[in-house]
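Participant: Sequence:
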Amino acid sequence: MKNLRIIKQLVVRFQGWRAILYFGEIILMGIINGITVVMLSDIVGLITDTAVSGGNIWDTDIVKRIIIFSVLEFGVSNILGVCYNNEAKRTGATMRNIVFGKALMLPVSFYENNHTGDFMSKLTYDTNMASGIFGSRFRRVMMPVIIVCVCVVPMFMKCPPVMAGLLVLCILSLALNLAMVPVLAGYSRSISDDNKAISRSVTDMLQGMETIRMFPLQSVIGQKYNEANERCGRNMKKQGRIESVVAALRNAFDLIGAVAFLAMGIIYIQKYNGKVGSLLALYTMYGAFQYNFLMMGQYIPSLTSWLVNAERVLEFLELPEESFRNCSDYNAANVPAQADVEFDNITFAYEGQEQKIFDGYSAAFTMGKSYAITGESGRGKSTLMKILMGFYRISGGSIRIGGHDIYELGLENTRKLIAYIPQEPYMFHDTVRENIRNGNPAASDEEIIRAAKKANAHDFILQLENGYDTILGERGNTLSGGQRQRVAIARAILKNAPVIILDEATSALDNESEQLIQQSINDMKDGRLILMIAHRPSTIATADAEWRIV
Numbered sequence: 001m002k003n004l005r006i007i008k009q010l011v012v013r014f015q016g017w018r019a020i021l022y023f024g025e026i027i028l029m030g031i032i033n034g035i036t037v038v039m040l041s042d043i044v045g046l047i048t049d050t051a052v053s054g055g056n057i058w059d060t061d062i063v064k065r066i067i068i069f070s071v072l073e074f075g076v077s078n079i080l081g082v083c084y085n086n087e088a089k090r091t092g093a094t095m096r097n098i099v100f101g102k103a104l105m106l107p108v109s110f111y112e113n114n115h116t117g118d119f120m121s122k123l124t125y126d127t128n129m130a131s132g133i134f135g136s137r138f139r140r141v142m143m144p145v146i147i148v149c150v151c152v153v154p155m156f157m158k159c160p161p162v163m164a165g166l167l168v169l170c171i172l173s174l175a176l177n178l179a180m181v182p183v184l185a186g187y188s189r190s191i192s193d194d195n196k197a198i199s200r201s202v203t204d205m206l207q208g209m210e211t212i213r214m215f216p217l218q219s220v221i222g223q224k225y226n227e228a229n230e231r232c233g234r235n236m237k238k239q240g241r242i243e244s245v246v247a248a249l250r251n252a253f254d255l256i257g258a259v260a261f262l263a264m265g266i267i268y269i270q271k272y273n274g275k276v277g278s279l280l281a282l283y284t285m286y287g288a289f290q291y292n293f294l295m296m297g298q299y300i301p302s303l304t305s306w307l308v309n310a311e312r313v314l315e316f317l318e319l320p321e322e323s324f325r326n327c328s329d330y331n332a333a334n335v336p337a338q339a340d341v342e343f344d345n346i347t348f349a350y351e352g353q354e355q356k357i358f359d360g361y362s363a364a365f366t367m368g369k370s371y372a373i374t375g376e377s378g379r380g381k382s383t384l385m386k387i388l389m390g391f392y393r394i395s396g397g398s399i400r401i402g403g404h405d406i407y408e409l410g411l412e413n414t415r416k417l418i419a420y421i422p423q424e425p426y427m428f429h430d431t432v433r434e435n436i437r438n439g440n441p442a443a444s445d446e447e448i449i450r451a452a453k454k455a456n457a458h459d460f461i462l463q464l465e466n467g468y469d470t471i472l473g474e475r476g477n478t479l480s481g482g483q484r485q486r487v488a489i490a491r492a493i494l495k496n497a498p499v500i501i502l503d504e505a506t507s508a509l510d511n512e513s514e515q516l517i518q519q520s521i522n523d524m525k526d527g528r529l530i531l532m533i534a535h536r537p538s539t540i541a542t543a544d545a546e547w548r549i550v
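Take 1 as the starting number for the sequence shown in the UniProt record's numbering and just add one per residue.
Simulated from the structure, these hints should not be mistaken for lab results.
Some hints could be false.
[Stated by the list, open to error] Restricting the straight-line Cα-Cα distance to at most 27 Å, the calculated cross-link-like pairs of lysine-lysine (DSS-like) are: (1) 238 - 416; (2) 369 - 102; (3) 416 - 454; (4) 158 - 64; (5) 386 - 495; (6) 64 - 2; (7) 89 - 102; (8) 369 - 453; (9) 224 - 369; (10) 386 - 356.
[As the list claims (entries may be wrong)] Label-pair ranges, simulated between beta-carbon atoms: (11) 21 - 230: 40 to 46 Å; (12) 100 - 446: 31 to 37 Å; (13) 450 - 428: 17 to 23 Å; (14) 220 - 112: 21 to 27 Å; (15) 469 - 359: 31 to 37 Å; (16) 100 - 351: 42 to 48 Å; (17) 13 - 153: 46 to 52 Å; (18) 16 - 242: 51 to 57 Å; (19) 526 - 444: 17 to 23 Å; (20) 108 - 86: 21 to 27 Å.
None of these values were measured; they are calculated from a predicted model.
All C-beta atoms in this analysis are idealised placements derived from N, C-alpha and C, irrespective of residue type, glycine included.
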């Protein structure tokens, strides 16, 4: 029942009404393949009996049957196969889009509390396995069932005693395979967990390469990877051994079935004066019948194993999203230009922790001024700004921008009012131009250049190999820290938000870079509220006021 529930959720979420097309094509392919099996057996029997009796094997009736068989087998069936593949690929693409879209909607706390490797495993391994259910597993389970159902009646009509005995063997073989379902599903869960651990090690290696080299941690990271890889290999071997044993037993049943068929067929001809053509026709049909029974036994456990990955994808899609997205009719454009920021008696604690970071805390910041937010490490400076940006939700009190509660404004509208420049701004693997344009996707090239000039970034950008069209490496590693900060400031200027937050944006820069960035910050001050988390005295000195969190 659990697997049926997972299948229902997969179909409803990723296919909707198109499931009618998808499953309809599988059912039609199964019916047509079953019919062609019956037709082929009849053609074989008819040709054999005609040849034995000395008749004309090119009889009109035989030729008609061959033509109809060819049209169904090589024409209609292939057309349905193409349509089915298109639907399967469409569903796989839809699944990947939905999973990725879900990731964009998750709260920041999810990424702070979960390893990047876990998410990458979910987005790649689990999602690929789940999409493979639509790509092949449903078809490989459903079509054999349909073909068996189509063939069973004609086979019993031809020779009931023989078919009764063979059907028992096929059912025993299927029961043996189904008995292995829970065991194989357990190994699939373990393999999925091992892939997460492998992804975590790879992510740590890529993101922490300098730290790994300098401490050194190659052996530590390598050992974690090797342990996860060996554990995954052991589980895959165990799963493979069980599958091999089951396959061997299937082959044994196949051999027993063939021997039993020949023995009963000989008795059938000798005792009941049966025709050789009828026996060959029955054997032709039985071959397809038994093969599809074996496929049922092989792919039902396989489908169950893949449903484990699908269940994890569905669990991921049920995670709570950011809690106050699109929750009001307010519009950011309606917020007054005098968009003062007020924290009124707020209470906040991190999820799962009893200790409160803020308990009845209040603060007020006036538009048109710059504030240095100071305090000892761990007092909540960055947390306060992240609360303002909606990354965390308070449990008490209120936060207002321009007199509007941010929970009434809605998350998207609130963020339209804020530009954020972290200590290590993220640069996308794209051109300098597009990295700045991310502040306002509708901006023209002229507006991008003006923003870069205001951020004191224009001159160094022109010195790059391709100027504004220079491709930045991953995370902008081809730029210095000061250059990345200036590109980030240009991006913030282009957004033209009334509130600008800088989270220790100059703490790791040399004096020259700091002076250039401070000049850019001063140029942005006109008509905006600037909140700077700062430790450096030189940064604090440039602010109009200092707000210390104690």
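Participant: Hints the structure violates: just list their numbers, smallest first.
Facilitator: 1, 2, 6, 9, 15, 16, 17, 18 and 20
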